[in-house]
Amino acid sequence: MSDMPTPPLIHWQGLEFEVTDSGDLGQVTEQDGGQVLLRALRVELPMPWALGEVTLLSTEVEQQWTHPDGPTAVVRQVWEEAWTLRVTLLNKGDAQVSVPAPRLRFSATWPTRRWLGGGEATIAVDPGRAQQLLLTQLRGQAQQVDGQLLLTPDPLVLAAHTEDHGPGQFQVSWRGAWLDDHTQVARVLPFWWPERVALAEGEEVVLSLPDAATTASREIRTSLEDEDTWIGAPPGRHQVHVHNRLGTTTIDLWWGRNLDSAKHREASRILDVTDPRTCEPWEAWIVTCAADTLGPEEVGDYLVTAVEESCARSGPVHPLEVMTVSSWLADNPGADDIWLGLEDLVTRMPTVPGSQLALVHTRLLAMQLGRTSPTLRARRSPVAEQLSRVEQAMCRVEAGLLDPADEPDEDAWRVAGLLGAGLPGETVSLVRLAQVHTLTSLYPEHWDLTARWPVPLAVARQAARQKVVASIDLPDGCEAFGWVLAGL
Numbered sequence: 000m001s002d003m004p005t006p007p008l009i010h011w012q013g014l015e016f017e018v019t020d021s022g023d024l025g026q027v028t029e030q031d032g033g034q035v036l037l038r039a040l041r042v043e044l045p046m047p048w049a050l051g052e053v054t055l056l057s058t059e060v061e062q063q064w065t066h067p068d069g070p071t072a073v074v075r076q077v078w079e080e081a082w083t084l085r086v087t088l089l090n091k092g093d094a095q096v097s098v099p100a101p102r103l104r105f106s107a108t109w110p111t112r113r114w115l116g117g118g119e120a121t122i123a124v125d126p127g128r129a130q131q132l133l134l135t136q137l138r139g140q141a142q143q144v145d146g147q148l149l150l151t152p153d154p155l156v157l158a159a160h161t162e163d164h165g166p167g168q169f170q171v172s173w174r175g176a177w178l179d180d181h182t183q184v185a186r187v188l189p190f191w192w193p194e195r196v197a198l199a200e201g202e203e204v205v206l207s208l209p210d211a212a213t214t215a216s217r218e219i220r221t222s223l224e225d226e227d228t229w230i231g232a233p234p235g236r237h238q239v240h241v242h243n244r245l246g247t248t249t250i251d252l253w254w255g256r257n258l259d260s261a262k263h264r265e266a267s268r269i270l271d272v273t274d275p276r277t278c279e280p281w282e283a284w285i286v287t288c289a290a291d292t293l294g295p296e297e298v299g300d301y302l303v304t305a306v307e308e309s310c311a312r313s314g315p316v317h318p319l320e321v322m323t324v325s326s327w328l329a330d331n332p333g334a335d336d337i338w339l340g341l342e343d344l345v346t347r348m349p350t351v352p353g354s355q356l357a358l359v360h361t362r363l364l365a366m367q368l369g370r371t372s373p374t375l376r377a378r379r380s381p382v383a384e385q386l387s388r389v390e391q392a393m394c395r396v397e398a399g400l401l402d403p404a405d406e407p408d409e410d411a412w413r414v415a416g417l418l419g420a421g422l423p424g425e426t427v428s429l430v431r432l433a434q435v436h437t438l439t440s441l442y443p444e445h446w447d448l449t450a451r452w453p454v455p456l457a458v459a460r461q462a463a464r465q466k467v468v469a470s471i472d473l474p475d476g477c478e479a480f481g482w483v484l485a486g487l
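The opening residue of the sequence shown carries number 0 in numbering that gives the first Met the number 0; numbering runs sequentially from there.
Careful, some of the hints might be misleading.
What the hints assert, rightly or not - Okay, derived cross-link-like pairs now, SDA-like style, lysine to any residue, Cα gap no bigger than 20 Å in a straight line:
hint: 1; residue 1: Lys91; residue 2: Gly69
hint: 2; residue 1: Lys91; residue 2: Ala49
hint: 3; residue 1: Lys91; residue 2: Ser57
hint: 4; residue 1: Lys91; residue 2: Thr161
hint: 5; residue 1: Lys91; residue 2: His164
hint: 6; residue 1: Lys91; residue 2: Val187
hint: 7; residue 1: Lys91; residue 2: Ala158
hint: 8; residue 1: Lys91; residue 2: Gly51
hint: 9; residue 1: Lys91; residue 2: Gln170
hint: 10; residue 1: Lys91; residue 2: Thr71
hint: 11; residue 1: Lys91; residue 2: His66
hint: 12; residue 1: Lys91; residue 2: Leu155
hint: 13; residue 1: Lys91; residue 2: Asp163
hint: 14; residue 1: Lys91; residue 2: Arg38
Claimed, not checked - Pair ranges (Cβ atoms, derived):
hint: 15; residue 1: Val35; residue 2: Gln385; range: 16 to 22 Å
hint: 16; residue 1: Glu162; residue 2: Pro233; range: 20 to 26 Å
hint: 17; residue 1: Leu401; residue 2: Pro474; range: 29 to 35 Å
hint: 18; residue 1: Ser267; residue 2: Ser97; range: 19 to 25 Å
Because the hints were derived from the structure by calculation, they are not lab data. Every residue, glycine too, gets a C-beta built ideally from N, C-alpha and C.
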C-alpha cells in the first residue's frame with residue numbers, strides 16, 4: 000500500500016472518501032460542511048470467499064478475493080470523472096462452480112431511494128437534496144433479498160473454462176455521479192418504463208416492448224398487441240419481469256381498490272376481529288373514518304368503547320388516538336367527561352410525526368364546540384433526541400407548516416423526497432411512507448416541487464396512497480392505511 004494519510008483519504012468532486020485497511024470505505028463525507036452521506040460502504044463476498052491483497056493508489060482501490068473451489072474476484076473502485084465500482088468474478092477451472100453472490104453493504108444518514116430491478120438499478124443518496132448523488136448499475140443483476148443488496152444472482156453459477164470462451168466470468172459495474180437536475184434521474188429508466196406503476200383496480204398498464212418478453216404470476220393477465228404489452232391484475236402488489244438482451248428487469252406494480260371500498264372493507268374486518276377495548280389507535284381511526292358507510296349501531300358501540308378506554312388508559316398517546324376521540328366528540332358534543340379525557344390525552348401525546356396534526360384537529364374541534372382550554376394552547380414539548388433523524392425532520396416540518404414559508408426549506412424537501420418523487424424504488428417502510436403522505440397533504444399549494452422532481456407533488460402522493468391501499472393486507476398495511484386516511 001502506498002504512502003498516504005492515516006486513514007487514507009481520496010477526494011472527488013467535493014466528497015472525501017475514507018479508506019480502511021481492508022479497502023472498504025469507512026465513510027463518505029461532504030468536504031464543505033462535513034456532513035456524512037454514507038458509512039461502511041463495501042462489497043462483501045460471503046464465506047467461503049476470503050479477502051486477499053488490497054492495493055491502494057491515489058485514486059484507486061483494489062481488493063483481491065479467492066474461493067476454495069478455485070474462482071477469484073476483483074473489486075475495484077476508481078475516482079475519475081465518475082466514481083466507478085467494478086466487480087469481476089472468474090472461474091479458470093475446468094468445472095462449473097456455484098458461489099455466493101457479492102453483497103453491497105452501507106449505511107446512510109438519510110434513507111436512500113433504492114431501485115433494484117435486476118438488469119436495471121439505481122441508488123439515490125439523500126434523494127431530497129438539491130444536488131443528488133446517484134449510483135447507477137451499468138452491468139449486473141442487482142436485487143434485494145431479505146434486506147440484503149445482492150449484486151448478482153444468488154448463488155452465482157460460473158461456467159467452466161473452455162478453449163473457445165476462456166474462463167467463466169460474471170461482471171458487475173456501477174457508476175456514481177452528481178446530478179444537479181433531478182429530472183435526469185428519470186432518464187436512466189428503460190425507455191419502455193410505464194408512466195404509472197401504482198394503479199386503481201381495473202386499470203391497465205402498457206409496456207412498449209420491442210425485442211423483449213414478459214413473464215408474471217398467473218394472477219396477471221397480459222395480451223400482446225404489436226409491440227405493446229397490456230397488463231392488469233387483482234388488488235395487491237405484483238411483479239412483472241421484462242427479459243431483453245441487457246438482462247431481466249423486475250417491475251413492481253400496485254393495484255389498489257377504490258379508496259371508499261378499501262375503507263369499508265378494512266373497517267368491516269376490524270369490527271369483526273378486534274375488541275374495541277384493546278384495538279390499536281389506527282384501527283379505531285379507520286372505523287371512525289368509515290362510520291358513514293357502516294351500520295351506525297355497531298359502529299357506535301365500538302367507538303364509544305374505544306374512546307372511553309383511550310381516556311381511561313395511562314401512558315404516552317398515539318396521534319391517531321387523539322384524532323379518534325376528537326372526531327367522536329364532534330358527533331357527541333355534550334360528553335363533558337370525554338372532553339376532559341381529551342385534554343388529558345393531548346398533554347400525554349409526545350411530539351412525534353402526526354402530533355401537530357392531531358393538535359390542530361383538536362383545536363378546530365374546540366372552536367366548533369365553543370370550548371376554551373389552556374391545555375390546547377400550551378407549547379408543544381421539544382422534539383426528543385431519541386427520535387430518528389427522519390422523525391425529527393418530520394416534526395420540524397410539521398410545526399413549520401402552521402405558518403409556512405414562501406418556499407420549502409431543506410427539511411421540507413428531504414421529507415417530501417421520501418415519497419420517491421414519482422420514480423421507481425423504495426425509500427422507507429410502508430408506515431413511514433403513509434406518514435409522509437399525510438404530512439405533505441399540509442404543504443401549501445404554492446410550493447412547486449417540480450423545481451427538483453419530474454412529477455408534481457399530487458402525483459407522487461397519489462402513487463404513495465395507491466401503494467398503501469394495495470398493500471393493506473400486509474403486516475403493516477392496516478397501520479399505514481390509517482395514516483393515509485388522516486391525510487385526506
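Hint by hint, which ones does the structure fall short of?
Violated hints: 3, 6, 14, 16, 18; rest satisfied.
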